[in-house]
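Asks: As they're listed, the protein sequences go chains A and B. Counting along the first sequence from 1, when you hit position 63 you're at 63 in the numbering used here, and nothing is skipped either side. Convert by adding 332 to the 1-based position in the second sequence; the result is the number in the numbering used here.
Keep in mind that the hints were calculated from the coordinates and are not lab data. Any given hint could be a false lead.
Dumping the calculated BS3-like pairs for lysine-lysine here, alpha-carbon to alpha-carbon at most 27 Å [unchecked claim]:
(1) B/K440 - A/K224
(2) B/K433 - B/K423
(3) A/K224 - B/K458
(4) A/K238 - B/K486
(5) B/K380 - B/K440
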Amino acid sequence: MIHYIGHRLLQLIPLLIAISIIAFVIIQLPPGDYLTTYINQLELSGTKVSESAIVALERQYGLDKPMYQQYFIWMKNILLHGDFGRSFSWNEPVSKVIGERLVLTMVISIFTLIVTWLIAIPIGIYSAVRQYSVLDYIFSFIGFIGLAVPNFLIALVIVYFVFDTTGIAITGLFSPEYADAPWSFAKVLDLLQRIWVPVLIIATAGTAGLIRTMRGMLLDELSKQYVVTARAKGVAEKKLLFKYPVRVAVNPLISTIGWTLPTIISGEAIVSIVLNLPTTGPVLLDAFRTQDMYLAGSFILILSILTVIGTLLSDILLAWVDPRIRFGGVEE
Amino acid sequence: MEENTQTVHAPDTKEDDQTILEIHDLKTYFHLDEGILKAVDGVDLTIKRGKTLGIVGESGSGKSVATKSILQIVDPPGKVEGEIKLKRSRKGKEEWIDIGKLNPTGEKIRDIRGAEISMIFQEPMKAFSSIHTIGNQITEAILIHSEVDQEEAKRIAIDFLIKVGMSNPEQRFDQYPHELSGGMRQRAMIAMALCCNPAILIADEPTTALDVTVQAQVLDLINHLKETLDTSVIFITHDLGVIAEMSDEVAVMYLGKVIEYTDVETLFYGALHPYTQALLKSIPSVAHTKGELDSIKGTVPIPMNLPKGCGFYSRCKYAVNGVCNVDDIPFTKVNDNHYVRCVRLDEIENRG
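All chains should be built: construct the whole structure from the sequences, respecting the hints.
Replies: Written out as structure tokens, the structure reads:
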């Protein structure tokens with residue numbers, strides 16, 4: 001097992017280097033750069049920008065150097081100083097812009113993941129075991145609605161409905177008095193009270209999808225021979241269900257943790273904008289719009305690293321629960 | 333289906349001390365949207381202590397469903413009807429219990445599954461859970477059916493792994509099914525089925541997925557264990573060669589019905605049903621190397637919305653319109669140990 005993990009960790013090194021290069025190239029791909037946007041803005045507001053000013057700005061931001069040099073400077077600062085560069089539009093270090101938002105986003109993501117699994121797996125199991133029962137149809141119906149309605153729309157409707165009936169604005173992660181306050185125990189409690197609305201809204205689509213997956217997986221497993229064998233041994237139905245088919249059906253879900261991590265962080269930008277959440281989503285969207293290259297690049301890099309870590313985690317988990325993977329495949 | 337008054341119960345041995353399982357008029361129907369699929373349609377079987385009953389038939393003849401029905405482990409939406417009377421001893425007394433009347437998910441039938449009647453399956457790779465060790469799956473059966481602790485269960489399991497000829501049983505105990513070879517897996521399956529000393533072992537094509545050399549070993553093993561443990565065996569196969577080696581009595585099944593029931597000698601030297609005769613002719617023989625091997629034309633029809641009369645009508649060379657396709661065919665007694673479901677027996681016997 002340790003050998004397996006070590007092997008996987010070594011494989012990460014070239015992967016991460018490749019990812020960092022791709023991240024940097026991607027943000028350079030669109031025509032123009034942050035300066036073009038910046039100069040456009042200045043000219044729109046009536047300020048004439050002279051050639052020498054442009055050259056000075058280019059030098060200031062390091063944009064006069066060739067691309068590969070920019071990359072090496074960027075990477076050197078990240079590896080040696082933990083410095084991801086400066087955000088042009090925020091005029092602050094990238095790490096400061098992202099920092100707290102990233103932590104809050106991860107808190108929301110992890111809560112969402114837990115809520116999704118806690119709701120979806122039991123319902124999925126029920127729907128598979130009682131296939132075509134009334135409740136199965138009801139769950140399927142609600143599930144399809146959850147899949148089909150965009151999360152931001154659900155967010156809008158709930159925010160409007162709550163405000164209309166109670167007068168309370170449920171947007172934001174903190175009550176107004178804590179929004180700009182330094183971190184304290186009371187602030188954490190405030191966060192824990194308010195986090196459920198965005199968590200439940202973001203979890204809808206994921207839960208609906210996971211119910212379908214769990215139901216389908218389990219239905220496949222339920223008709224397999226090993227289930228009949230266990231039944232023929234005299235194992236009681238409930239024990240049989242959880243010991244055999246559920247255990248097998250959950251395995252593929254574990255492998256999805258890898259890509260759930262980054263999608264929850266980047267994929268809920270619109271919900272975050274609607275709910276006014278201080279998360280990474282809206283900032284990422286903004287960074288791409290203004291070609292704020294170091295901010296955007298750092299985001300891509302961090303999201304990719306999270307994907308890689310997530311995949312590694314799910315692989316290790318999977319190897320831990322599934323002996324066939326631990327020993328390197330089934331021989332047939 | 334209307335009851336057929338002429339039906340004779342397969343061997344009239346109800347009072348025979350040796351009978352331990354008696355199945356009467358077993359019907360397993362699947363109520364599907366397209367109609368009722370009669371997978372097993374009125375089967376009578378008798379199992380005697382220490383003997384092997386072979387059930388032979390093509391794919392789709394209902395032989396596998398019939399044996400699953402005995403344990404009530406038919407896949408949904410299958411419904412089992414009929415008498416499945418099992419003789420067992422409780423507190424020194426012998427008693428008959430009708431499995432057909434038990435709740436399929438209830439505790440009573442779970443006490444029988446694995447303990448009184450156990451089963452081994454066609455593909456050991458699929459029949460074992462791939463994420464639990466062999467030992468875990470064998471001890472599970474022991475722990476359910478007897479009052480022993482984990483350690484004692486492990487000792488019993490390893491004991492049975494030795495009995496089925498497993499090399500390094502201690503090591504195998506902690507291994508996963510995919511780490512074993514096909515033959516070893518089937519041996520482990522047999523150990524799992526026998527570890528609670530069942531009275532009856534149902535073997536559902538246990539050698540079909542194995543290669544030929546291993547097949548012979550597994551068949552020998554089953555025969556050997558049957559004798560040492562005094563277990564009765566129901567052996568399902570489509571291979572008549574295997575039937576010859578394994579069985580004392582044979583039931584030939586076609587379309588959910590037993591169409592010929594006799595001892596193994598009579599089957600090979602005096603089979604009367606046209607279907608059984610055709611099956612026997614389709615065995616390759618070393619003596620007849622010239623010409624093409626006989627095969628039965630056509631395939632087994634799907635047992636749904638069938639016309640009246642003999643199920644073999646469309647493929648039978650003795651079939652006569654107005655005779656064979658009018659009414660349900662009765663199970664006729666030829667002699668004490670030979671029953672055939674055919675109305676043209678006289679003509680067939682005359683032709684020799």
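Asks: Take a quick look at whether B/K433 and B/K423 sit within 27 Å of each other, Cα to Cα.
Replies: Distance of about 22 Å is within 27 Å: holds.
Asks: Given the hint that A/K224 pairs with B/K458, does the C-alpha gap stay at or below 27 Å?
Replies: holds, 8 Å
Asks: For the pair we were handed, B/K380 and B/K440, check the Cα-Cα distance against 27 Å.
Replies: holds, 23 Å
Asks: Take the C-alpha atoms of B/K440 and A/K224, compute the straight-line distance between them, and say whether it is at most 27 Å.
Replies: Holds: B/K440 and A/K224 sit about 24 Å apart, inside 27 Å.
Asks: Hinted pair, alpha-carbon criterion (27 Å max): A/K238, B/K486. Please report holds or violated.
Replies: Measuring from Cα to Cα gives roughly 24 Å; hence the hint holds.
Figure legend: structure checked against the earlier numbered hints; every hint is met.
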